[in-house]
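Residue numbers (the working numbering), protein chains in the order written: chain E, 1 to 313; chain S, 1001 to 1679; chain V, 2001 to 2176.
Please keep in mind that the hints were generated in silico from the structure rather than gathered at the bench. Yeah, the Cβ is synthetic: ideal placement off N, Cα and C, and Gly gets one too. Just to be clear, a hint being listed does not mean it is correct.
Here are some chain E residues the structure puts well away from chain S; computed CB gaps all over 10 Å [to be verified]:
1) Lys29
2) Arg130
3) Leu263
4) Leu272
Taking lysine-lysine and the DSBU-like style, the derived pairs with C-alpha atoms no more than 30 Å apart in a straight line are [to be verified]:
5) S:Lys1382 / E:Lys59
6) E:Lys285 / E:Lys29
7) S:Lys1382 / V:Lys2103
8) E:Lys268 / V:Lys2006
9) V:Lys2103 / E:Lys59
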Amino acid sequence: MIEAIAVLTQTLAFVALAPGLTGFIRWMKARLQGRRGAPVWQPYVELRKLFAKERVVSKTASWVFRAAPFVVFGTSVAVASLVPLVFVPTAYDRIGDLFAVVYLLLLGTFFLALAGLDTGSPFGGMGASREMTVVALTEPTVALSIFALALTAQSTNLGDIIRQTVAEPVRALGTGHLLAFTALFIVTLAETGRLPIDNPSTHLELTMIHEAMVLEYSGPYLALVEWAAALKLLIFFVIAANLFLPWGVAFGWSPARLILAFLLIVLKVGMLAVLVAVLETRVAKLRLFRVPELLSASFVMALLAVLSTFLLR
Amino acid sequence: MMAGSVALPLMLGGYVGGACLALVAPSSRAARYITALGAIVGSVAALAVAARVLVTAQPLVLTVPNVLAAAGGLVLSVDPLGAFFLAVVALGSLPAAIYGVSYTAAYEGRSSLQFFGLMFNVFLLGMSVVACAGNIFTFVLAWELMSLASYFLVMTEADVVETREAGLWYIAMTQFSLVTLLPMFLLLAPGAERTAFADLRVGAAHLTPQLRGIVFLLAVVGFGSKAGVVPLHVWLPRAHPAAPSHVSALMSGVMIKLGIYGVIRVAFDLMNGGPPWWGGLLLVVGSVSALLGVLYALMEHDLKRLLAYHSVENIGIIIIGLGAGAILHSYGLQTLATIGFAAALYHTLNHACFKGLLFLAAGNVVHRTHTRNMEEMGGLIKQMPQTALLFLIGSAAIAALPPLNGFASEWMVFQALLAGTSIPRPEVALGFPVAVGMLALASGLAAACFVKAFGISFLAMPRSAHAADAREAPASMRVAAWMLAGACILLGVGASVVVPALYRVLESVGGLVVDPQLAPAPGLWIEAPRALGHLSPVLIAALLASIVLVTVVTVHRVHRRPLRLSDTWGCGRIAQTPRMEYTASAFAEPLRRVFAELYRPTQDLTVSVHPDSPHFVQSITFTSEVRPWFEEVLYDPIVRAGRLIGVGVRRLQTGSVHLYLVYVVAALMAALASVWWWP
Amino acid sequence: MQLFSKIWRVGLVTEPVGPTDVEAVEIGRALDQRIKTLFGRALAIREVDAGSCNGCELEITGLTNPIYDMERFGMHFVASPRHADMLLVTGPVTRNMEIPLRKTYDATPDPKFVVSVGDCAKSCGVFADSYAVVGPVASVIPVDVHIAGCPPEPLDILRGILHALDRSDRQPQATR
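Model the full structure from these sequences, guided by the hints.
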């Protein structure tokens, strides 16, 4: 019972913090570009504003278009409840493992791509086509990264992986883990639509991948889709931080440990956010047909991660 | 006792009765109803048989020794493995039978519905008896009945050229599989009189390892060509679109699974498993099939051909599970091996449900729009809302999205592959991560393919007059599809109940040892003994549903403005026509470019100009085709060689009676000489 | 690495906005207080070129550079009018752009307002009486705020929008 309340609180914290992460990355990029930029809490203001706006829906769209934001948001929140932010639940952890996380996110993307096709707009179709291509090509890398993590932990459940890595710190600094981390980082950039795969702040429809699918959304629908995208980014960052560098994650719920865990996760996610902001300032967007090359490179890294973990056992 | 002993003859009687009565039916309408009635009686009885055997774990036996006593007579012996596949057959037949009542009305006047009814029931009879067969004669008889009956069913629309070609390919491949299966069975039989499966087990134990290897290869080739593994799958994308939709559903959902049944029965039950290379071969063949199946499915615009290629992909996934289990079994890791076999069985069941559902829903669409080409459809979600929802459920299931059944069985296949890391030999264990990568890629591409299939066919605006005029399909067709959709949802959410039942089925398979203490009881979780992960599909479904509900309620409380309808945003263009929508070719184009080396698409651009001046273009025709290269490499030479041989042999047929008499005398003298020389 | 050392050396270059030249900004209809509070801190702008010479566009694109940096006030440009709160219209409305402009206005969800930029948007400027021009922006869609100039400077545009929303720049004077 206590665990259920704790997991609920953790999930709500996840959902509440997600726009802050996006805001922080935007603020960091602005400062790197030599301008003041919007404050870090700007996405919250924007979400509040969107809930007051009208919903305008295309005449050619069907119920799939109206249902998709709820499905995307719902799956993102469900995944957020499965990923340990500050503490690792024991019973709840067994509901879903890393494969469940990946396929729940795929469920959200599936519906969003359908919504892009639903309006009959060529931009939506183009966005759906490109997004599904990128997602399909990242699947093998994700599966192999999970494989590499599960090899050492002998389990695909997130709690077990964290426990195992905490118990054997030497393994965490091995080549297998480093390669898997790099591969997973590239996958994070691809799945959340960051540079160099997709530019989140572009206005040129022909260069869009994720944004093109949501061009038709307005008001609270747009708010849900944007929130889900921010949540997805935070989920990937927390997975990268807590599965590869899990020290600080609490296993019980003593308040001191939880506060320490919270500070540490904020620190870890902050570092990853700075890394992403610096990367986005440094690199240019890849041409769409060069993206598969980058994704194959990440696949090879993930495969090497598995091989090295296996051979160095 | 009573129910069990009545159900098996009732099943046979239902199918035979349906066949004979349909043939003599007075009108097409009567023929349709009698066909369905016979098939329904047979399927329900088959379900009863299967349920009884699965629950009690006692085999049911029925023998008719008088039929061809020299070959051992007709023996039906239903053990739990056979009962499982019988249940799969029945689960596919029941909805297909209900569906056929309204669907075949379109054939009145074009083909004989009496003949169709006969062949339909014979087909169902053949498939059911294959799963129940207890000796070689029964098995081969049922196998041939199944193949020939399905050939006639495929040829229902014989007025179309593609159908006739499809039929030719299909009958050639089925006869090829028979040619490989007969020597396999004969090698297994210890003696001429002893052809029951129990005797084959004894005979297999006495075979040398080389002969066992040959038997295994023959089984993989023979049963694999029926199942549709690459490169023996070439009949699938031709025959399944050509057949009527509920026949396609049966062929794709049920018949190809009997190939899997054959492999499990021969390799793991009769021969008790073998060396690691058996499993390795299965793993390689399965991975290649899964990946190539989905890659060719992506390039298809014919809705039914796309579904047929996906059957190749899913058979690949099933065989990956089998291969993983087989390798683990050959290294003695029994409890981990059962994960692989259970995953294969689970995916067999699930694929039958969602592929049947998809074919039936596609049949609804084809029935109303009179086209199979996706590029002419669109907007059907508004005209055919139930069919659209059914197709969406099927698409989500086949794309392995939680909490439906496809996700649960793919999860189990992944767990089986993860278990491969326990194998002591590193060079063998390294094949497993590669298989994981290929399976994940196939799964992602399947999701992309079904976004295309559902999105282009059902969403946005109609691209042709056919699609604009479509209405919802008749009730019986929808009811049949809803039955399968319900099965998809129940099998997904109830995975934690289904999986332990599968372990009990595997206990009966000779070569597998399932430790009863480690086999889990039904609960909320899917667990495998000493497995590497935990999953609870029912709790995930509950979690997802509650979150979505809370979000919907909160948003509608907070946001009070009404919705406004407007035109699609198109940068302010004047009007929106269906030609501005995205097409199926455009959707698949990025992936076509990424995998261009595999596809080798051909492009042909013809520009025809006005005769008076080369500067006035009259028409531009662009054709791009993706033709599977292994058909060119493997099949074209064989077909050409066959033609050459045929042309050469034709020279013997001169038409002169004197020459034919010379042939007869020469053959007679050769026969007499052979008797004299080889007593 | 040269990039990052340059970033460190140059620092922030954003200039303060300063007080508004009230004559250059015409507020046609006083904006609803509700709109002012709603969009005061977060404003999504969709720019529509209804036939201008692009002089105003050059000034408008300057708004996103580090010197003028409109993002510090929470404003940003969006690609789709469905995401927009405000339409920023330039140019005399040509015949070919009349329907697209109406469609853009229709596609934008309520609450919304329109700001027209440049003399052409108010009185068609040098293009008045041309055969290709329909009329000023106000004759096609309702305009709330007009910013005069040919072309107006980016700071004028920025001040105009802020004045319409009753916001002022509270940033410190010195930049570095």
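Hint-by-hint comparison with the structure:
1. Lys29: holds (28 Å)
2. Arg130: Non-interface label fails for arginine 130 (chain E): nearest chain S Cβ at 6 Å, not farther than 10 Å.
3. Leu263: holds (28 Å)
4. Leu272: Label holds. Min Cβ-Cβ 24 Å, cutoff 10 Å.
5. S:Lys1382 / E:Lys59: Measuring from Cα to Cα gives roughly 11 Å; hence the hint holds.
6. E:Lys285 / E:Lys29: holds (15 Å)
7. S:Lys1382 / V:Lys2103: holds (25 Å)
8. E:Lys268 / V:Lys2006: holds (27 Å)
9. V:Lys2103 / E:Lys59: Holds, at about 14 Å.
In this structure, the one hint that does not hold is number 2.
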